[in-house]
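S.K.: Got chain A; can you put chains B and C on it based on the hints?
As given, the protein sequences belong to chains A, B and C, one line each in that order.
The working numbering puts the first residue of the first sequence at 1, with every later residue one more than the last.
The working numbering puts the first residue of the second sequence at 1, with every later residue one more than the last.
The working numbering puts the first residue of the third sequence at 1, with every later residue one more than the last.
Hints in this document: simulated from the structure, not taken from any laboratory.
Source: prediction; values computed, not measured.
Have a look at the derived ranges for each label pair, beta carbon to beta carbon:
hint	chain 1	residue 1	chain 2	residue 2	range
1	C	Gly-789	A	Lys-408	54 to 60 Å
2	B	Lys-170	C	Asp-49	24 to 30 Å
3	B	Gly-172	C	Arg-41	22 to 28 Å
4	C	Leu-298	A	Pro-305	58 to 64 Å
5	A	Ile-33	C	Arg-41	36 to 42 Å
6	B	Glu-264	C	His-397	58 to 64 Å
7	B	Lys-170	C	Asn-414	42 to 48 Å
8	B	Val-106	A	Ile-33	43 to 49 Å
9	B	Glu-264	A	Trp-389	39 to 45 Å
10	A	Leu-26	C	Pro-118	32 to 38 Å
Now the stretches of chain B that chain A is said to cover, found in silico as 3 or more residues with beta-carbon under 8 Å:
hint	region
11	87–97
12	186–199
Computed list of lysine-lysine pairs in BS3-like fashion (alpha-carbon distance at most 30 Å, straight line):
hint	chain 1	residue 1	chain 2	residue 2
13	C	Lys-256	B	Lys-249
14	C	Lys-392	C	Lys-635
15	C	Lys-46	B	Lys-237
16	C	Lys-404	C	Lys-580
17	C	Lys-788	B	Lys-192
18	A	Lys-216	B	Lys-237
Even for Gly, the Cβ is constructed at its ideal location relative to N, Cα and C.
Single-letter residue listing:
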Amino acid sequence: MSESNTHAPAGGLRLLGYLVLAALSLVGLKAIIGTLADGHGALATTQHVPWGLWVALYIFFLGLSAGSFLLSTLIYVFGMKSLKPVGPLALLQALGCLLLGGLLIILDLGHPARLANVILHMNPTSAMAWMGIFYNLYILVVLVELYLAMRPRLIELASAGGAMSRWYCLLTLGSSNTSAAALARDQGWLKALGILGIPVAIAVHGGVGAIFAVTKARALWYSGLFPIIFLISALASGGALLTFLSVVTLKVPEEQKRKIVRLLARLTTGILCFDLLLLASEILVVFYGGLPHHADGWRQVLFGPYSWVFWGLQLALGTLLPILIVGGRRTGQSMKWLGFAGLLGVLGIIGARLNIVIPAQITPMFPTLPEAYHHMRYAYGYFPNSTEWQVGLGVCALGWLAFVLVRKCLPLDGQEHSATASSGGGEA
Amino acid sequence: MATPQDTPFPPSPPAESRREFLAGRAATAVAGALAVASLGGCGPASPPAQEGSAARRWGMVIDLRRCVACKACVASCKSENKTPPGVAYNVFIEEEQGTFPYVRRVAFTRPCMQCAKSSCAQVCPTGATYHRADGIVAVDYEKCIGCRYCIAACPYGARSFDYGHDYIEKAGNPYNEIPSSEYGASYGLRHKGGSPEGNVRKCTFCLHLQDEKGEYREPPACVRTCMGKAIHFGDLKDPEGVCVAHGEKMQALLAHRGNYRLKEELGNEPAVYYLPV
Amino acid sequence: MSATTRRGFLAKSVLGGGAAFGLSSLLGARSSEAFAAEVDRRYDIKSGDWIPSCCNMCGGQTGILCQVVDGRLVRIKPNDANPAGFSNISDDFFANCRTEGASMCPKGNAGIMTLYDPDRLARPVRRTNPKKGIGVDPGWTEISWEEAYSEIARRMKALLDAGTPEALLWWSEDHSFTHIQGDFCQLFGTPNYSNHSNLCDTARKASFKAVTGDERPLMDAIQSRYILLFGWNPLGATKWSLLPRILTRGQERGAKLVVVDPYFSATARKAQEWIPIRPSTDGAMALAMAHVIIRDGLYDKKFVEEWTHGFDRFSDYVKDKTPAWAEKISTVPAGTIERIAREFATTQPSLADVWSGPGQHSNAVHGGAAIACLNALTGSYDRPGTLHLPNKKGNAHGHLHADKPKAPRFADDNKLYPMFHGSGVYCEIFKKLAEGTGNYPAKMGMIVFQNPMMSVPGTETVAKALSNLEFLVVNDIFLSETAQFADIVVPGTLFLERYDWNTQWVTWPVLALRQPVVKPIFGQPAEYEFICELGRRLGLRDQDGKEFFRIGALSGRPVESLSAWYEEYLSSESKNGAPKMTLEEIKALPGATWVDKGGTKYEKYRKEMSTEDLAKATCVKTQVGGIEVEQLWDKPKDQGGKKIGTRIGGKAVKGFATPTGKVEFVLTCLTGKKDAEGKPCADLPVYEPRDWQPDAQYPLYLINWKEATHTHSRTQNNRWLLELQPGNPLQVNTKTGARLGLRDGDQAWVESKFGKMKVTVHLTEEIHPEVVGTQHGFGHWALGEEAKGRGSSDSGLRPTRADPIGGQAMHKQCCVRIYRA
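Isolated chain A (complex conformation) (with noise of 0.2 Å):
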């Protein structure tokens, strides 16, 4: 692989990648239709784990959608100009990973086609209702935006001609105007629309935060910094995940993209370092007071028998391993390494999630109350089944397959940078 403008693999490594990523998504969606018509016995989580892999996966997705999002507010709301091309992903990323967390969470309720009662019978003291309600409208926010960001552009391709004009030309809802007023008008909305979007992706992502953090009977969850913690590494695997992305996707001349790289790259080390002390804080706290229903909880991340996913993915791959890349002096200029750092960063915060979602409920409500019911639904512990496998793999397929499919309908480079049409090609 050199290091070239596109970062992509070659032509017959590329279609084996789509084709996996086929493969995938056709289990999944097997999988998922199986779920669907036979309801979750199919799944491996318990009276005592209710929430696994989905969950965790639906946060993660979720994480990285609130995470993109608030980027995307320092180019719409704080004028960080530089960034401005990749301005469109960052909004795409938020609205796809929303989407992708969005049918995992559908998935795992008992009666989705009841999901509308979350609105319709809404409980005002639920953490997980208001959710619901943020989530709906950081959709509309994200969708404003997203139509905000591509309009000029869309307007230029859907007057360039092409197979692809009416297409465009759809997009641009019928509007037309591209006069400098317009564009400024556009940029107000953004910013308005930006500002209102800062408390409601962090109303959305803190609030599944605080789902988690107003349980007091997880003690492991029941902590006032867990919300923050949440944001924190949202906003870093936000960044992560934009990194890779803009090293693999983004099409601007190479010392801009390196630059827009390097900077979303150090963005998101220093957010890494942040997320890094509130962890180390609520562990010292948790640990030093050491009550026993408290410290089991994060015994279990740290000592337990998938304490690797906490050393090794998180904390080794997902965080250390990223701040030395990006720090290193020769890795910290490498395109190459800087999108491997963001990979990495996207791996580790799955770790991340599987910690904060899994050992919590691992930890008895009594000491003994594994053994006092038999049956594998009362079972202690949990591992994800490959039903959840299929689901959880085949939905991050599906995701990345809708972007390759998207990327090439959509002008997602920036307004700025007027590309030939879309020639297509390059991306992952």
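M.R.: For chains B and C alone, coordinates are given in the frame of chain A:
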């Protein structure tokens, strides 16, 4: 026993076919992803059958001196509520303590605590879990979306998700034709995809055994069967309230022996008290 | 799914059945709401038929009420009219049951799950594979009932024709339809009817019979102040459901409960004091207690003087049985024995009881007798708060006009065992059947509601024995391990589908009815109908030439319907028994239970005989244990007479049912007798070490026990009970485990010199370090899909051998070693 064909009844509407059901579920799922509030098909949630009497607060006083750890309470609950495999409204918790030969067993039955400040109702996004006037925490199966937040939030592990398992798979087995009385006939029989499958379920102090006035016509199943007569059940609001099963004054039981509630420090204010060994 | 569809579904499945039961009024209201409302109404707890009956998930026969709607069993709840679920003392029952209500155990609550168990055998099957053995597929093929009947009857007829009816061996459960099976055997001409008791507690029966003349005293825990239990686990081996209440209520009233047991049993967990003991040494501890009580003069001198026999010899014998002596044997500290002895003697009323813990070893009868003698020292018999000698009057087994079969019993068990119990000695029978050393060739077997492959020690021997039968019929609700050896298996009924009389385990006469609450779910005949049909096909007649299984027992007229004939049979038993009421009359009683208003009577032994009885009585002067005793019989012994009293201190009193009419420290019934292995029997309650002790190779004792969640080997397919208790890990003391390098959850082999089993190890502080043990009943390889492969069975680790005095199977006599698998 007559087969359905023999009945003088008109043919009942066919149960939704799996395909239709699936299509419906998938469609609503997709629609749901966009969270369009105009979802049809759910219909208004059915009003709960009874709300109980606000003059009462049903509760338990469990005398651990009398409890012999036989677990009849768990089995009788199965039988009364016809809960499926993997759903247990009450479980029996035991713990070995001490060193040979000075050993002891901590042992207690754990029904739902019917907390006055329940975590489950607090976190339930749809209000499907709610407090009845008489203190019993019930679930509206039609509202419940099966998110299992309440399970995560309950400090007593007293809630179970119905994963759709059945004890007997054999078609036509009479057991599968015995409806659970739990929330009335609407949820009495099990069938793929329909409530209570996919719902979170819990002990209701056998509220279906109440009459129109909210009085118990029969004690809850665990109380009724208890071998040591350790579970006293009655109105905790009434200073003179007596156990509906064996007539002891509830407040006297609480006063004379000292009592405690599980995880009192969490502030959930359970309606289930334990008298120490 | 919409509400309409769901209700439609309901309508189809629920009212489908209901419609046939006269629901046509609903025809006008077809809406789904009406359906739902109707279902709610029908299945409400106050609706349907509530039929009183008795449980039989175990042998406890607790009273139950069964709600039946549309022919389906919906609920089972306790029957308040039956004392078996409440108290064994009448005052307590009469005064409190109405307010407190009766109880039921988890097994009874799970009855519905066994009734509708999908693994139940529905139709008769015949084996196609002539080879028999463990793991051999019998190649079942379904046959019609007619085929089954005619084949079985043909085989039986062949025995009759050959003049060898005794070649039929018969085994049955001991609480269900035993009388009709006994009658069948007698009419058929085989002396080889045996039943379950000797797998359970015939050693206890022998111990108490030897000391008090009564083989089944019952503890009055509720009025007691001191309850000392040796190897009895009433809260785990919970049979009649009154046990937990009377024990905890006794404690509430101030009684101290002390449990002597190698395992911290369910009962020990409730006790104020648990005394771990080496298995089979309880007798030594009891003797040391007697030593202390006599040494310190703490015994009830008046009672001992007036109402016991052989005190001097006994006190001589225990003179050197010091607590220090017993400590060496039992590991119970001498100080503890001293203290418990003093507490027991000085806290009155007290009682000492013993059951199967010490009761299933080679020294069981004498060990039990030593414990029985503790009660003799404190006068703890038949007084409030002691061991009560119950009045067991109930149904009367009608006198059969037929000669006893002339042939001796196949295994001579009745002659070999000096305290032979009427249930036979399974171990002796199976051993001789396997070895071919019976009195004559046994050709055919009938096993009803029994699973000896799991329940008799020495699985290999039992397998060989069963294979040696030319033709074996098994009647069971499951294709059990034993059924795998059958040539024909016919489906039996569950207790919810059939009749029986139950004399309850209480201290005064109570007779309760078990009745079919649902029709047999496969339309199969109940066991008694099966037997009756066979009897008819064989044309069995009594001495009067009456076709027994066709002529009604009360009417004397032919009765065509099998069930009607049996109802009359039952009716005659209650009519001629204590209630003097017909079946229909008892059915109409509250809870279908007849309760004698007279209630519990105490110190019945003091009761002087009425002048009329005395006038009619035959006086027999006889030498017993070196003294002359004047016994009073209702008619001479050779005319089937019964001892009804004894002249004691000049008065003709009821006395105890022993030869001397007194409680016997010297076991006169054993004087001069030899045991089954030819050894002379001691006639004092001596302590002798059991005849299989740990050695260097097999250093650990292996015991077993019951827990409240399962019965024997028969409930391990019940899905509800399996959720309560899914297996039987081997309990190993933590220190022992550490010494052997075992960790909690390890798979290990437990090996004796006779066989081995694979177990899951549970390390615990709750068991004596020299002892390992499991709950009995798991380790099925047949029975049902759920039962198969769960837990371990220890039956193969012991020889097929009974205690040589009482004929009790020695389930707890075993030494083993353990190693990681």
